[in-house]
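Enquirer: The residues making up each chain are set out below.
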Amino acid sequence: MGLFSRIKEGLKKTKESISYKLNKLFTGGVLDDGFYDELEMILLSADIGAEAAEEIMDSLRLGIDQKHLREQEDVIKALREIIADMLSSAQKKPPAFPAVIMVTGVNGVGKTTAIGKMALKFRKEGHGVCLAAADTFRAAAAEQLTVWAERAGVRIVKHAEGADPAAVVYDAIASVKAKSTDILLIDTAGRLHNKKNLMEELKKMSRVIDREYPEANRYNYLVLDGTTGQNAVTQAEVFNEAIELDGIILTKLDGTAKGGVVVAVTKALDVPVVYIGVGEGIDDLQDFEPEQFAAAII
Amino acid sequence: MGAFSSLSDKISHIFSKLANKGKLTELEVKQTMREIRVALLEADVNYTVVKDFISKVSEKMVGEEILKTLTGSQQVIKIVNEELTVLMGSAHSKLTIAPNPPTVIMMCGLQGAGKTTMCGKLGLMLKKQGKSPLLAACDIYRPAAIKQLQILGGSVQLPVFEKGVQNPVKTAQAAVAEARKNGNDIVIIDTAGRLHINDELMKELEDIKAAVAPSEILLTVDSMTGQDAVTVSETFNKRLDITGVILTKLDGDTRGGAALSIKAVTGKPIKFCGLGEKLTDIEPFYPDRMASRILGMGDVLTLIEKAQSAVTEEDLKRMEEKLRKNSFTLDDYLEQFESMKKMGNMQELLSMIPGAGNKLKGIDAEAGEEKIKYAKAIIRSMTTEERQTPDIIKASRKKRIASGSGTTIQEVNQILKQFDATKQMMKQFGSNPKKGANLFQMGNKRR
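Chains as they are written, first to last, in the numbering used here: chain A, 1 to 298; chain B, 1 to 447.
Hints may contain errors.
[Claimed, not checked] In the DSSO-like style, the derived pairs of lysine-lysine whose C-alpha atoms are separated by at most 30 Å in a straight line are: (1) 204/A - 371/B; (2) 128/B - 204/A; (3) 77/A - 51/B; (4) 196/A - 373/B; (5) 203/A - 376/B; (6) 128/B - 278/B; (7) 317/B - 373/B; (8) 278/B - 195/A; (9) 121/A - 147/B; (10) 263/B - 238/B; (11) 278/B - 196/A; (12) 203/A - 278/B; (13) 181/B - 204/A; (14) 371/B - 203/A; (15) 278/B - 267/A; (16) 376/B - 196/A; (17) 51/B - 204/A; (18) 196/A - 181/B; (19) 77/A - 267/A; (20) 127/B - 195/A; (21) 195/A - 376/B; (22) 147/B - 204/A; (23) 51/B - 195/A; (24) 78/B - 128/B; (25) 147/B - 195/A; (26) 195/A - 317/B; (27) 371/B - 196/A; (28) 181/B - 195/A; (29) 195/A - 373/B; (30) 203/A - 373/B; (31) 267/A - 51/B; (32) 238/B - 195/A.
Worth flagging that the hints you see were computed from the coordinates, not collected in a lab.
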């Protein structure tokens, strides 16, 4: 299955339900208050959030007036454009090598799975990849990552459970330096952003990378669960404050959740969405394309 | 996103613009409801649930005698809070126990909701209640899920039954047989996380249910879930007829509107919630507290309870005695710090204060905790005599105390100053006991 069709597949259910609502909406043919309310509801149901939805609706109203839009297709197109624009405000840049990518996020968002998928992706592109199992807190996290390392056919550095995660990072850096590996992917323990000591731990890991591997290109990615609501905005803000994010991975888009909260996130922060997760298979990680994402939502 | 402050501010603003007193007009109700609608949406309550809720409350509000003053806005919020509490339902934290053991508890939910961790927490909680739970590992899909349950089981000293990656229906059946054989009166079945639209995996859950006839089917839901909570819980409920819900990760700062959505669409009670990373971090679910949280109003009840459990009746009596005699010493001061510590994490406590969400954002709770640590070290570095009569602490004693506690003389001075201020305040309460009593009454009035 190609990239485009896979995203489409993953987001098909979303699109179907929303298109249905829109079609129902447009059969009336009049752009009155009820129409705008209904459209706003569609945005809200996608977790775009009250504030961002209002902003989108304002721009849409303006666009409809300026361009005298009356056709269903045109209004949908305008709406998609507005959303895509908001999502492309931050530019993503492909990683330069040698790269260290630290993957962070709250508990249960799919960090380890995302790393497994990224590992395979980079290896397929011909890069040497090493994983660092720096989630030393959750029971069996390192075992889980080991299975992914085997699936992707890449190396892994791990310590015993309860070890200092910064020490794992230290050893992993020594390993990638010795073997001149292109990419080090660091799995970190899930942490709620309001636990200050855990956020400090993350900063410490970041400092270790800076100190031990200054020549590497650093990337800090935040994994957001596509089913998460408005709390994702706070998550992104707090993680960004702690370690300065370079990208967002939006996971679990193969369900019925729309993941629209990334619109609110990119509105609040200048951080691009890099990948989206659309399934449990090892190749179910896709590049994020704002236009496709917007089109799949509306 | 401390919504209560902004919500109440906004509503107050609407009210302050209205000069006359009398009944609320439809327009005023509409304006007010719009603010409440946004607050609920920002808390992730599903939009259809919000819509229903708003129309129901609007009906109640039109024609209601509400004074168009600042207290009028409080009145509106009170009505909204009461309606929300009604919608959240009453507390049902009891688990159904089967007449013939073992009682089978089946966990289900999406990926990453926290099922496996919750199995360990539930198991430990039931063990403490005198039960003998067996954990059954039926997640054969996620790498190392079985291992994770084994480690959790090991750390709470509960047996874990696993049959590798064989058909989970068979494993569940075998686990129940094993429990019967070994005299375990509870079986907690951990199942794989799955999407509600994955027909094959949902069928697997139906098969497990048919095979082991669980007394409880608990849907585990991440409290940060957005609008989709409705679709997810509706589907799980339709296919499995769940008996209840467990809300996880409530120790985060999410307002947790998903709880309301789930309750509204399934009608099933939320029985427990997960509140931290430790295996003891599980609590019964309190619907009224959740209603306040969704509106961003803090959790006064929990705060009062925590205070009560940290301070005993005797402590209070002794303190009262000291107040009367005005013999409050540094030893008592130290004791106060200790009981504060017993109440728990400062950040958590602050988040329970109504309206604190926003206003206290700038305050660094953990820095406060650090300060308490230093204060305790400073007092502990004093002699008994110094603690009883702090007036004798002059320059050379200060120097000794500072080096003994690893602090500076300035910090020692600061603690002494704070102690003096506290003592002054206590003196006032002591001379006028009613003032002190008022403090507590205020707390009660809020409910």
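Enquirer: Take the hints in turn and mark each one as holding or not.
Expert: A quick look at each hint next to the structure:
no.	hint	in the structure
1	204/A - 371/B	holds (22 Å)
2	128/B - 204/A	violated (37 Å)
3	77/A - 51/B	holds (28 Å)
4	196/A - 373/B	holds (17 Å)
5	203/A - 376/B	holds (28 Å)
6	128/B - 278/B	holds (15 Å)
7	317/B - 373/B	holds (26 Å)
8	278/B - 195/A	holds (13 Å)
9	121/A - 147/B	holds (27 Å)
10	263/B - 238/B	holds (14 Å)
11	278/B - 196/A	holds (16 Å)
12	203/A - 278/B	holds (23 Å)
13	181/B - 204/A	violated (50 Å)
14	371/B - 203/A	holds (22 Å)
15	278/B - 267/A	violated (35 Å)
16	376/B - 196/A	holds (22 Å)
17	51/B - 204/A	violated (46 Å)
18	196/A - 181/B	violated (47 Å)
19	77/A - 267/A	holds (20 Å)
20	127/B - 195/A	holds (29 Å)
21	195/A - 376/B	holds (23 Å)
22	147/B - 204/A	holds (29 Å)
23	51/B - 195/A	violated (34 Å)
24	78/B - 128/B	violated (38 Å)
25	147/B - 195/A	holds (27 Å)
26	195/A - 317/B	violated (36 Å)
27	371/B - 196/A	holds (16 Å)
28	181/B - 195/A	violated (43 Å)
29	195/A - 373/B	holds (18 Å)
30	203/A - 373/B	holds (23 Å)
31	267/A - 51/B	holds (26 Å)
32	238/B - 195/A	violated (36 Å)
Checked against the numbered hints given earlier, the structure breaks hints 2, 13, 15, 17, 18, 23, 24, 26, 28 and 32 and satisfies all the rest.
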